[in-house]
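Taken in order, these protein sequences are the chains called B and Z. Okay, so the first sequence: first residue is 13 according to the numbering used here, each after it adds one. Okay, so the second sequence: first residue is 247 according to the numbering used here, each after it adds one.
Hints in this document: simulated from the structure, not taken from any laboratory. Hints are not guaranteed to be accurate.
To be verified - Derived DSS-like pairs (lysine-lysine); straight-line CA-CA distance at most 27 Å:
1. B:Lys-139 x Z:Lys-306
2. Z:Lys-367 x B:Lys-139
3. B:Lys-52 x Z:Lys-255
4. B:Lys-139 x Z:Lys-342
5. Z:Lys-379 x B:Lys-52
6. Z:Lys-306 x Z:Lys-255
7. Z:Lys-379 x Z:Lys-255
8. B:Lys-52 x Z:Lys-367
9. Z:Lys-379 x Z:Lys-391
10. Z:Lys-342 x Z:Lys-391
11. Z:Lys-391 x Z:Lys-334
12. Z:Lys-308 x B:Lys-139
Unchecked claim - Quick list of simulated restraints, FRET-style, between CB atoms:
13. Z:Gly-293 x B:Val-80: 39 to 49 Å
14. Z:Met-247 x B:Val-65: 37 to 47 Å
15. Z:Lys-306 x B:Asp-27: 28 to 38 Å
16. B:Val-80 x Z:Met-247: 22 to 32 Å
17. Z:Ala-317 x B:Pro-49: 40 to 50 Å
18. B:Leu-28 x Z:Gln-286: 22 to 32 Å
By construction, the Cβ of each residue, glycine as well, lies at the ideal position given by its N, Cα and C atoms.
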Amino acid sequence: MLSAEEQAHIAQVWDLIAGHEAPFGAELLLRLFTVYPSTKLYFQHLGAFPDEVQLLSHGQRMLQAVGVAVRHLDNLRAALRPLADLHAHVLRVDPANFPLLIQCFQVVLASHLQGEFTVEMQAAWDKFLTGVAIVLTEQHR
Amino acid sequence: MVHLTGEEKGAVTGLWGKVNVEEVGGEALGRLLVVYPWTQRFFDSFGDLSNAGAVMGNPKVKAHGKKVLDAFGEGLKNLDNLKGTFAKLSELHCDKLHVDPENFRLLGNVLVVVLARHFGKEFTPPVQGAFQKLASGVATALAHKYH
Chain B
13 MLSAEEQAHI AQVWDLIAGH EAPFGAELLL RLFTVYPSTK LYFQHLGAFP DEVQLLSHGQ
73 RMLQAVGVAV RHLDNLRAAL RPLADLHAHV LRVDPANFPL LIQCFQVVLA SHLQGEFTVE
133 MQAAWDKFLT GVAIVLTEQH R
Chain Z
247 MVHLTGEEKG AVTGLWGKVN VEEVGGEALG RLLVVYPWTQ RFFDSFGDLS NAGAVMGNPK
307 VKAHGKKVLD AFGEGLKNLD NLKGTFAKLS ELHCDKLHVD PENFRLLGNV LVVVLARHFG
367 KEFTPPVQGA FQKLASGVAT ALAHKYH
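Next comes chain B alone, as it looks inside the complex (with noise of 0.2 Å):
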């Protein structure tokens, strides 16, 4: 459950990335398959070496899939249901990998903001992603 000062947080955050979502979701990435890089199991259709463009396609559509979660916090399992779906039958990802790309997501944000990145923003940030992050693994079994 987040508060409403979390809540508050994480809108700051997400209206900085906001039209950005295929730089910010390239970069996730990118950092994902370079500090992780069993990950990239999980993404052979993008080759196996995937170039700028394919990162900032794929990443473009997991950060506005982010952008969907943030518009809908108080009803985060109904918005991601299909993704939730889609990650347990089809794509069958690992709950463990779910804290990595969570890790690279706080060292992307971190690195971007800076000094304006407070430690509220990262314990929102750490209780929201952590929050997705279950509802994507709870149709595992």
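Chain B is already provided as a structure; the job is to place chain Z on it using the hints.
For chain Z alone, coordinates are given in the frame of chain B:
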């Protein structure tokens, strides 16, 4: 033992030279205590940890953060023998402090986020990768003597 390429070692040592250990240590420990509040269980004697402001400004948190990061720095100088370097600290964290090793991984991750905050664009994906490897190696070394 952690396997960093020559390039990764260079990146990590280069960046570390610019780190204000006192500031970054205090910030990393503070953020750990706020983002993952259950970690406060080890710091009952630290006084006021009741809200984010209190934690980040707490002098004991800052002092302990510096101590933790100084130890991290020692690891950086002994990449070929992390287990040996952290043997005594490992025993301490198990036998006296009773710290769940999962906390070392959490702190390592928070430290990486704090470094990203300080260094911005300079904290590139390869640099992040090198630091995550180092943090992971230190966490493993600190858990090595647990029984």
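Outcome of the hint check:
1. B:Lys-139 x Z:Lys-306: 26 Å, holds
2. Z:Lys-367 x B:Lys-139: With Cα atoms ~25 Å apart, Z:Lys-367 and B:Lys-139 stay inside 27 Å; holds.
3. B:Lys-52 x Z:Lys-255: 24 Å, holds
4. B:Lys-139 x Z:Lys-342: 31 Å, violated
5. Z:Lys-379 x B:Lys-52: Roughly 18 Å separates the two Cα atoms, so the pair holds.
6. Z:Lys-306 x Z:Lys-255: Violated. Z:Lys-306 to Z:Lys-255 sits at ~32 Å, over the 27 Å cutoff.
7. Z:Lys-379 x Z:Lys-255: 11 Å, holds
8. B:Lys-52 x Z:Lys-367: Holds, because 23 Å separates the two Cα atoms, which is no more than 27 Å.
9. Z:Lys-379 x Z:Lys-391: 20 Å, holds
10. Z:Lys-342 x Z:Lys-391: 12 Å, holds
11. Z:Lys-391 x Z:Lys-334: 8 Å, holds
12. Z:Lys-308 x B:Lys-139: Given pair Z:Lys-308, B:Lys-139 holds - Cα atoms ~24 Å apart, limit 27 Å.
13. Z:Gly-293 x B:Val-80: 39 to 49 Å: 42 Å, holds
14. Z:Met-247 x B:Val-65: 37 to 47 Å: 39 Å, holds
15. Z:Lys-306 x B:Asp-27: 28 to 38 Å: With Cβ atoms ~36 Å apart, the hint holds.
16. B:Val-80 x Z:Met-247: 22 to 32 Å: 44 Å, violated
17. Z:Ala-317 x B:Pro-49: 40 to 50 Å: Violated, since Z:Ala-317 and B:Pro-49 (Cβ atoms, about 28 Å apart) do not stay within the stated range.
18. B:Leu-28 x Z:Gln-286: 22 to 32 Å: At roughly 30 Å between Cβ atoms, Z:Gln-286 and B:Leu-28 fall inside 22 to 32 Å, so the hint holds.
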